[in-house]
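Asker: Work out the full structure, taking the sequences as your base and the hints as a guide.
Numbering (the working numbering), first residue to last: 89 to 239.
The set of hints was computed from the structure by calculation and includes no laboratory data. One or more of the hints may lead you astray.
To be verified - The calculated lysine-lysine pairs, modelled on DSS-like cross-linking and capped at a C-alpha distance of 27 Å, are:
id, residue 1, residue 2
1, Lys-125, Lys-210
2, Lys-218, Lys-158
3, Lys-210, Lys-158
4, Lys-152, Lys-218
5, Lys-118, Lys-152
6, Lys-210, Lys-118
7, Lys-125, Lys-152
8, Lys-118, Lys-218
9, Lys-152, Lys-210
10, Lys-125, Lys-158
11, Lys-125, Lys-218
12, Lys-158, Lys-118
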Amino acid sequence: MAPSKIIFSLLSLLVLARLARSTEVRYCDKTAEYDVKVHGVEISPDPVARGSPATFSISASTEKAISGGKLVIDVAYFGWHVHSETHDLCTETSCPVSSGDFIISHSQVLPGFTPPGSYSLKMTVLDENKHQLSCIGFDFSIGFASSVAAI
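Answerer: Here you go:
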């Protein structure tokens with residue numbers, strides 16, 4: 089096999105490995121029995137690009153129907169709390185949520201001046217009575233590239 093084909097094959101494998109990488113999800117309380125079980129998080133693009141849309145898709149399941157609630161999101165940059173936001177659960181998934189599998193999907197454009205680096209996100213799911221249905225954390229990165237031209 090020619091050296092260029094070997095290099096191309098290795099680069100292809102590296103790209104596929106990067107695309108197949110899963111985001112590690114941590115429960116806030118490892119001993120809690122949450123009503124909503126989170127199975128995974130998909131971040132697109134990964135790393136997140138400043139000034140471009142980023143989507144966080146959380147695959148989850150529940151044994152109880154959920155008629156509504158809130159998502160509380162807290163973001164830390166190198167351990168420092170930098171951002172909080174609250175969203176209506178029904179804007180991030182279809183309500184009512186029936187028992188079984190469902191997806192919570194949140195999209196957002198990060199400002200072009202957002203510092204690149206490692207971030208941690210904590211997401212708490214609350215029902216309409218402010219009962220905690222789930223609480224997870226995961227890490228994500230914001231890349232050095234930006235779709236916003238430098239001023």
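Asker: Decide, hint by hint, whether the structure agrees.
Answerer: Comparing the hints with the structure gives:
Only pairs whose Cα atoms come within 27 Å are accepted, and Lys-125 paired with Lys-210 is accepted, the gap being roughly 15 Å. Between Lys-218 and Lys-158 the alpha-carbon distance is near 8 Å, which keeps this suggested pair within the 27 Å criterion. At most 27 Å may separate the alpha-carbon atoms for a hinted pair to count; Lys-210 and Lys-158 meet this at roughly 14 Å. Between the alpha carbons of Lys-152 and Lys-218 the distance comes to roughly 15 Å, so the proposed pair stays at or under 27 Å and holds.
For the hint linking Lys-118 to Lys-152, the alpha-carbon distance of about 21 Å falls within 27 Å, and the restraint holds. Annotation: proposed proximity of Lys-210 to Lys-118 holds, straight-line Cα distance about 14 Å (limit 27 Å). Between Lys-125 and Lys-152 the CA atoms are separated by roughly 11 Å; this keeps the pair inside 27 Å, and the hint holds. For a cut-off of 27 Å, the pair hint linking Lys-118 to Lys-218 stands: about 20 Å separates their Cα positions.
For the hint linking Lys-152 to Lys-210, the alpha-carbon distance of about 23 Å falls within 27 Å, and the restraint holds. This hinted pair checks out: Lys-125 and Lys-158 have alpha carbons roughly 16 Å apart, not beyond 27 Å. Of the supplied pair hints, the one linking Lys-125 and Lys-218 holds, its CA atoms being roughly 17 Å apart against a limit of 27 Å. Proximity of Lys-158 to Lys-118 is assessed by CA-CA distance (about 21 Å); at most 27 Å being required, the pair is judged to hold.
In terms of the numbered hints stated before, the structure departs from none.
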